[in-house]
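Undergrad: Generate the whole structure from the sequences, applying the supplied hints.
This is what each chain is made of:
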Amino acid sequence: MEQTKNKEIALLNMVQALLAGGSLVVAVWAVATDGFKSGTDTLFLVMVCLLLALVFSIGPMMWATQQGLIANPLAADQSEAHGGNRENAVIWIALLVLTGIEVLLAYVHLNITLMLIILMGLSIIKAVLIVAYFMHMKFEKMSFILTIVPILVVLLCLFVVFFPDGMRVKNLRSTQVPSLEEQQAAEK
Amino acid sequence: MTAEAKAETLAAEWEGGVLPYKIGHRKLGMWLFIMSDSLTFCALLIGYSYARSSSENWPTPFPFNPSIIFSSMMTLVLLSSSLTMVFAVAAAKRGEKKIARTWILATMFFGSMFIVLHVTEWFHLFHEGVYFDAIPEAWLAPDKWPGSSKLFGATFFGITGLHMFHVLTGVIYLGVIAARIKKFNAEDVETSGLYWHFVDLVWMFVFPLLYLLSVDFSAAGH
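Residue numbers (the numbering used here), protein chains in the order written: chain A, 1 to 188; chain B, 1 to 222.
It should be emphasised that the hints constitute simulated quantities derived from the structure, not laboratory data. Predicted model, so just to flag it, every value in this text is computed and none were measured. Every residue, glycine too, gets a C-beta built ideally from N, C-alpha and C. Some hints could be false.
From the structure, some residues in chain B lie toward chain A, with a derived Cβ separation under 8 Å [said to hold, decoys possible]:
hint	residue
1	L19
2	F70
3	S72
4	I172
5	D200
6	P208
TA: As structure tokens, then:
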């Protein structure tokens with residue numbers, strides 16, 4: 001009886017894994033055949049497929065971890081000696097290198113949006129390194145990580161939400177107000 | 001762990017007397033404070049970004065010397081202070097309080113260096129005519145940044161001022177910990193470390209957004 005139940009559970013998890021894989025295939029197919037020519041439609045399809053893949057893979061991943069088929073990648077590494085001086089020094093060097101890249105980048109003439117994306121991306125990487133290693137987050141319990149980290153992610157998303165808004169406001173200004181060139185011409 | 005053993009542990013934890021997340025309450029409190037303070041800085045940075053991206057023109061007045069050199073030095077100093085703080089926390093965890101205190105003093109030294117450099121940088125700007133509520137007339141010249149908003153001063157001094165205030169408070173906080181280290185345990189040192197790393201973390205975002213995006217490429221330079 002127990003064995004049949006286990007077999008059923010295994011089969012159920014395989015089916016879920018197949019569905020997850022299938023969703024991924026659909027996402028890849030959508031991008032491969034269309035390549036975002038339809039704009040947001042393709043994006044929507046890809047996002048839905050990725051979400052489905054994520055949701056369907058949770059069950060099988062948990063089951064596989066329980067069965068010992070895969071090592072638990074989310075387990076806090078309490079047994080291993082961590083936070084050693086050498087490890088922290090390496091993280092520090094990495095932070096310095098990333099800062100150096102950012103400073104060099106400031107002197108390369110890039111389109112402002114691209115520049116902003118790269119700078120923010122590098123800053124996020126630096127922030128993750130500091131939070132994970134210096135602030136010891138990587139070695140805390142998963143429940144704590146899940147309590148704190150999503151808030152930080154939301155803050156970053158707020159940035160992304162407000163930037164386009166700011167840029168859009170430029171175009172919404174009243175045309176009755178003289179433009180910059182007209183104002184300067186009037187002053188001369 | 002078997003299902004029954006797990007259930008027993010869970011029941012025992014719910015009985016009370018167990019620390020949530022297995023973290024001391026002071027450390028947890030500091031994390032919650034860090035969350036709320038990040039929201040504050042995020043709000044200021046978003047305000048700055050919004051003002052800048054919706055403006056017709058915005059000053060980008062920082063020449064390599066002295067502004068970018070100074071601010072890069074400040075970043076280096078702050079990162080080093082984070083490293084010394086990590087060493088201090090590690091020493092405190094090992095029970096070596098005197099060594100922990102030495103590392104905390106090193107952190108305070110770097111923090112003070114940051115404040116000195118930053119205040120010097122501020123005085124450069126005051127000297128040029130940049131204040132909280134004004135920018136120099138020279139910046140509105142046609143070959144510079146005509147039509148710029150005065151908000152440059154407000155956003156720059158507001159954000160860096162709040163950050164510097166946090167650094168100053170942090171140095172004082174660390175001073176208290178260092179002075180009375182015999183009365184504090186490893187968790188207290190770690191909590192002060194968390195605050196210090198948070199200050200460094202904020203600078204990681206302030207530096208590119210305020211300084212690196214405002215490098216002076218205009219032909220005249222300074």
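Undergrad: Next, verify each hint and record whether it holds.
TA: Now the hints, each set against the structure:
1. Look at L19 (chain B): its Cβ only gets to about 10 Å from chain A, farther than 8 Å, so that hint breaks.
2. Nearest Cβ of chain A to the Cβ of F70 (chain B): about 12 Å, over the 8 Å cut. The hint is violated.
3. Interface hint at S72 (chain B): satisfied, since its Cβ lies 6 Å from the closest Cβ of chain A, which is below the 8 Å cut-off.
4. The restraint placing I172 (chain B) at the interface with chain A is violated, with a minimum CB-CB distance near 21 Å, outside the 8 Å limit.
5. Among the interface hints, the one on D200 (chain B) holds; its C-beta lies about 6 Å from the nearest C-beta in chain A, closer than the 8 Å criterion.
6. Hint on P208 (chain B) holds. Least Cβ distance to chain A is approximately 4 Å, under the 8 Å limit.
Consistency with the previously given hints fails for numbers 1, 2, 4, ordered from lowest to highest.
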